[in-house]
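Each chain, written out:
There are 4 protein chains.
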Amino acid sequence: MIADGSPITERLLEQAAALTPRVVEWRRDLHRHPELGWTEFRTSALIADELERFGFAVRVGREAVVPEARLGLPAADVLEAAWRRAQDEGASAARLEAMRGGLTGVVARLEGGAPGPTIGFRFDIDALPILEASDEGHRPARDGFVSAHPGVMHACGHDGHAALGLGLAAAIAALRERWPGALVLVFQPSEEGGRGALPMVEAGAVDDCEALVCCHLGAQSRITGHVVGGVSGFLATTKIDAVFKGAESHAALEPEVGRNALLGAATAALHAIARHSEGSSRINVGVLEAGTGRNVTPGTARMQLEVRGENDRVLAFVERRARAILEAAAAMHELQLQVEVAGRAPSAASDTAVIERVREVARHVPEVVRYDHTVMVKASDDAAALMQRVQQRGGSATYFIIGSELAAGHHMPHFDIDDRALGIGVKMLALIAWSLASRPLRRARPAEAAD
Amino acid sequence: MIADGSPITERLLEQAAALTPRVVEWRRDLHRHPELGWTEFRTSALIADELERFGFAVRVGREAVVPEARLGLPAADVLEAAWRRAQDEGASAARLEAMRGGLTGVVARLEGGAPGPTIGFRFDIDALPILEASDEGHRPARDGFVSAHPGVMHACGHDGHAALGLGLAAAIAALRERWPGALVLVFQPSEEGGRGALPMVEAGAVDDCEALVCCHLGAQSRITGHVVGGVSGFLATTKIDAVFKGAESHAALEPEVGRNALLGAATAALHAIARHSEGSSRINVGVLEAGTGRNVTPGTARMQLEVRGENDRVLAFVERRARAILEAAAAMHELQLQVEVAGRAPSAASDTAVIERVREVARHVPEVVRYDHTVMVKASDDAAALMQRVQQRGGSATYFIIGSELAAGHHMPHFDIDDRALGIGVKMLALIAWSLASRPLRRARPAEAAD
Amino acid sequence: MIADGSPITERLLEQAAALTPRVVEWRRDLHRHPELGWTEFRTSALIADELERFGFAVRVGREAVVPEARLGLPAADVLEAAWRRAQDEGASAARLEAMRGGLTGVVARLEGGAPGPTIGFRFDIDALPILEASDEGHRPARDGFVSAHPGVMHACGHDGHAALGLGLAAAIAALRERWPGALVLVFQPSEEGGRGALPMVEAGAVDDCEALVCCHLGAQSRITGHVVGGVSGFLATTKIDAVFKGAESHAALEPEVGRNALLGAATAALHAIARHSEGSSRINVGVLEAGTGRNVTPGTARMQLEVRGENDRVLAFVERRARAILEAAAAMHELQLQVEVAGRAPSAASDTAVIERVREVARHVPEVVRYDHTVMVKASDDAAALMQRVQQRGGSATYFIIGSELAAGHHMPHFDIDDRALGIGVKMLALIAWSLASRPLRRARPAEAAD
Amino acid sequence: MIADGSPITERLLEQAAALTPRVVEWRRDLHRHPELGWTEFRTSALIADELERFGFAVRVGREAVVPEARLGLPAADVLEAAWRRAQDEGASAARLEAMRGGLTGVVARLEGGAPGPTIGFRFDIDALPILEASDEGHRPARDGFVSAHPGVMHACGHDGHAALGLGLAAAIAALRERWPGALVLVFQPSEEGGRGALPMVEAGAVDDCEALVCCHLGAQSRITGHVVGGVSGFLATTKIDAVFKGAESHAALEPEVGRNALLGAATAALHAIARHSEGSSRINVGVLEAGTGRNVTPGTARMQLEVRGENDRVLAFVERRARAILEAAAAMHELQLQVEVAGRAPSAASDTAVIERVREVARHVPEVVRYDHTVMVKASDDAAALMQRVQQRGGSATYFIIGSELAAGHHMPHFDIDDRALGIGVKMLALIAWSLASRPLRRARPAEAAD
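Chains as they are written, first to last, in numbering that gives the first Met the number 0: chain A, 0 to 450; chain B, 0 to 450; chain C, 0 to 450; chain D, 0 to 450.
Hints may be right or wrong, so weigh each one.
Note that identical chains are pooled: a pair holds if it fits in a single copy or bridges any two copies.
With a cut-off of at most 25 Å between alpha-carbon atoms, the simulated SDA-like pairs for lysine to any residue come out as follows [claimed, not checked]:
1) LYS244 with GLY71
2) LYS244 with ALA407
3) LYS244 with HIS409
4) LYS244 with VAL340
Rather than coming from a laboratory, the hints here were simulated on the basis of the structure. Fair warning: this is a prediction, and the values are worked out from it, not measured in the lab.
Can you build the whole structure from these sequences, using the hints too?
This is the structure:
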């Protein structure tokens, strides 16, 4: 147990408080330069540079992500254009070289001066394809840190997450000599769509972590000063792109010659997949685009869909059924079908042992006004893939919530986070790191197994 | 051209008039003892006996139908029960033996005393699964010839067709010595559902006919005294029975275990088969039965469907698409599918050469008050299979309409035909036979090819 | 807490043991004379007669069920035929008179000689439309108590439930003078399909019960000697009969004239109702029958379906959506729609206070070899309607499981229960009654509210 | 009958031959400046200027089209941009002013010096949203008249039609003094999608025409020198834009909150509209676009569809059913539906009387190497609306085909017509005009009524 007023705890709290303006600054810089999944070139270069300056050993490019494991990669020309923009915006050439073609993300390691466990933290860094609000009522616009990349926006708080990670790094680096064990920081690309975690798992990013801590600003808590120790209910998910290809024909002169891709897509009765006795499932076809002209039998239909399940068995069931339905719908209309996995995340549960540490620590952060053990979140985050890896190797993990007042909901053009939440976040993260490093968890199985 | 007042014409008209009461009697006897497709045991035996008496060479059983070519055969126990009923009703044992197991139908041949062509006539003989009306307003009930087989009824006039065939046989038999060429009479079982013609085609029933004449009472003409020389538009058709087999499960406890046969059937978007540029098509799922209990995932679904097309290419297209859709619908819900052809008929058009003879003959039958060349009938009759065979071998054919007032529409419980139409029918048939026998057609291709 | 070896406990255990052969006999008599929902005429008369003999005040007919609240009533002629059969089988005329037309079910009350609470027990009594196995391997057939009503069978154990209720009545009646408070026994008709509980709720059957105990033989436990104190997860449910009426037409001659009821039914995409964030839902179309002939556009389609939800809000959502979908599907194909509620049950949870009593009591029944607190049952039982009423009025309730080896699963033709489970059941019920009567529960809200 | 070698016939043939280079030039100018439907500003101004020069009385703007009757109008900014481009390309300001906002199209009239009938000709003038090929193999690219408007192309030959109309005008103008009766030339905008004919019908463009002649280059005949006198089979058609509006929701967190517009659109089983006994029908959903993100319940779906029918009754049936299905599909998923007619054309048949004149004339054009009476075209052209108006007022009409070798099919990026076909076209048109003017048709009902 952390003694109230232990020197290190006090020191870390002071450190975090002193670093907060810098964290706010980082966050604003990142907010102004948002980058979509697999194009976080400037973001990754900036992070890598800063961490190296703090004394971390930094891995980027193929050392941070396994290229073949990346999902939902943009087209080559999109990657290249974003890469050149990062160049133009001053990212260091050496860093960029390693990331060319969408090898973004950073894994950093700090070896402490004392023996101890390896503790990991994960921060996601990608932005969203949303046009940020530009009115005076929107603080980022008013204060000059609105997105400089039209149509791209940090509307989910990942800019804040990355900045918190840098703040944590700076705070611990100052104590390096006395730090027990090692600190691993994972700055993950492409969280949106569940595309970036698996390539980092494959790269072994968290393989030796005894504990892994993930966090999110806002989310289920919109009260600054509210902290939730963990989440339950994370749904395993697979994101799928399906393309039906048939044949166009003049719809009046030769209706029988066409092979109707739109009919194929409309026939794919994905929502009729049976409910599962083991728990929740979800299916959504979020986007469908088909056809080229009113009087032409549609020859192509493009579908973006996702399936989710309460656990891996439920997901496997829903995904198997979805694939069978897509294939049969294509066969029904004599179409060719291309199915590609565009993203993937397992289910994962927070371990009570780590949640308990969050709870203890929260008592020492004066700005924390409310604490809850867990919240049920029937959604998905590919942090779960990193958590699951740690748990499968005998470690523990949590995904905790740093409450924040929000100017508008996540994924909205007026989204903005509360600077005070960044301050609380740095303190929480630094104290959690110390708690786990100074008083290692017993290696244990997850309290609530993510099956 | 038939000379007005030729002795034979006059003789045949007298003969036909004299036979009419007998024809009415035959029709009433058959009406009272209706038999469903492939169970026309008593009917066939009666016809065979009468024809033999008139001097015809009679073929029944395997000589009349190729067993393997029969479609839509009832279950063995149903066949056996109907066969025993025919025994009980006094059909001759010798005849019955040859027909056991559903080998019904009769082909009869009369060789005339003079050289001439072989002319065929086709009559269908099966009844329908309809419960006949029993009220006093219904003449068959009032006059004592209502169906003695509950749930089975001659509601399409095939009793009349069979009686007309016997009347024709009797009329010609009387002139046998002077008759030029041969007369072939085909009494076809199982017209309903298109099940009986192909096995007779396979048995060679009409292979040497230079002309084939088919007819229908009522149908497109409900005026007694109206005659239509031929039909156009007959749709080629295939009748299909499809059974989807999945797996039942408790719909609440284990929804994911079930494989839902009803969903499979409902998913078979047969009506979405594209229109065809070459002409009309039709698709109908007439019957669907699925499931055993409200709270059980349906494990079985049984579907009776039919497809039709303006010509054989259109039918082939629709049938191919229907099969693909059924298979894909089964695959979509992980079901097994059994598809069986339960009936089949091609398209066929009436030949102008034969229609012309009907027109000529109609002028000599005083009761004929109106004549039309052809009528468009966008429906199907497997007479087309026999017509097509004759046409393919260089002969000519027609399907002509003998108008009749009807007490109610075809396939209705109060259906009844007009006795006067039977009288007109015998006269028309006898004169058509004479016209074709005495003045052979030139061998020609069909006027309007059934493609 | 019940003292080990208290005189009453011992006395009740002896009593129950002595009554077991009689319970087995009752069960066999009922097994031999199974009656479907709303036709339990002989069953209700027998139960009423026996209870009256034990000194219970008995309510039948309109005093036991509110006629207008009955759901899923069979046709009048079916009710009448079953009623006459009960007459023929010797049910007392006086009893039968009150039940004519489907007013089955019995509510009985015994006032004890001492002051105390009112405790209720509920037993369901209807059979299933299943043809019972008749082979020698099937004990009821071998031992002469197989169903005498072909196609009707006690395949869910309700015969055992009713016999247990009679055994409980007999056991308590013997202690009447000393019994604290009152005992209410509810013998509920039409549990299958959720049709019988609401009319008894409406009749006030359990209105003054401070506790209500429901039970099931077998179910989630197939081990004789296993007892489960309560269930969670009961799904609220609504059973719906939907009839689509369109217009028939000849599918080839006039396809545009038909209004296709089968297409309407197939279009009702009930399975596409969205998942609900608050919990499980279920939808099943268990039976669909449509059409009269292959070449006729189907004019009528009859659908039996059910919807379920984890709580009343989820059910309300699914039911609202199902009705909207049915109506829209009818409108899409220009059909008339009749929708009728054929059954209904709410959700309900077992109260910990009562479960605890089951646990305590189980320790005193020597044959109980295993005990579990609760089992999750994602299915429905309209006992929940009676439980919910008691809970809403401040009382407590449970639904507990009396494990039984089964010859085959519930609803199977070889289903049979273990006589020993009947013995254990009587003991459990008698001791639970004593526990609740002698040591009343504090009025409390349900442990886990069924929302 | 036109006497061989009549002076006028000879004169017209010479005139036409002399004009052909000018026609080719006009066509190339128009080909280089293609304009989409309702933006034919430069095209209309050019035509109006030329016709005025030839002495025609010219109507443009509100005098040529009734603004309210226009269908499928582009957005205001699109109209304005196109209008400004026409300005930039030098179209006369006075002409343009009358057409601002999409009032394109020209009606011109020449009064001859002699008494006679009023004869009308119709030419369509709009281009298609197709990117023209730019390779050297494409003659327009090689010879410098490829489209100067990227993404817009005369890929259907309407540039040729407009040029033929100008050629015809020039040829007749030269004979004005001797010309019997009046000549009306209709240059119709927005033929593609059936949007431009009705507003001209409403404006009375052809109200006093005793005969109307429409034509198409290429189409069913790709042989230069082939002429077909008329078409049969034109399908009546309605073009519909449907927008389904629901509500977005997070597909995992709140699936029940969304109202799924994509499911609504997919549920609209338009292809299941029954076949019609009176003739062909067509249904095509050519374009569907729905949804904004993979994990968001789609809130909007936009559908472009069309229905067609062999006659107005069949179209009315299919259109009524389509609207009912769209509405029911929206209701099924609790969506709002906007349905807008984006185009419309009736059926119409060519009159034998006019076809006969085409046949006669074709004999006098030496380059005509093959003639056919009619061709069946199961497609739509809104020329039918103008033809129908003339026919309804007792006049006659035809739609004839001027065969042309084509470099690629209609609507393809390499489409190009044969200059020789333009020469033949001018000759045919001039002689047809003379035939109809000099020898008026008897006012008659159409040979084959377009019902």
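Tested hints:
1. LYS244 with GLY71: within (20 Å within a copy, 29 Å between copies)
2. LYS244 with ALA407: Classified as between; 23 Å across copies, 40 Å inside a copy.
3. LYS244 with HIS409: Intra 35 Å, inter 22 Å, cutoff 25 Å: inter-copy only.
4. LYS244 with VAL340: The answer is within: 18 Å in one copy meets 25 Å, while 29 Å across copies does not.
Comparing the model with each numbered hint stated earlier shows that all of them hold.
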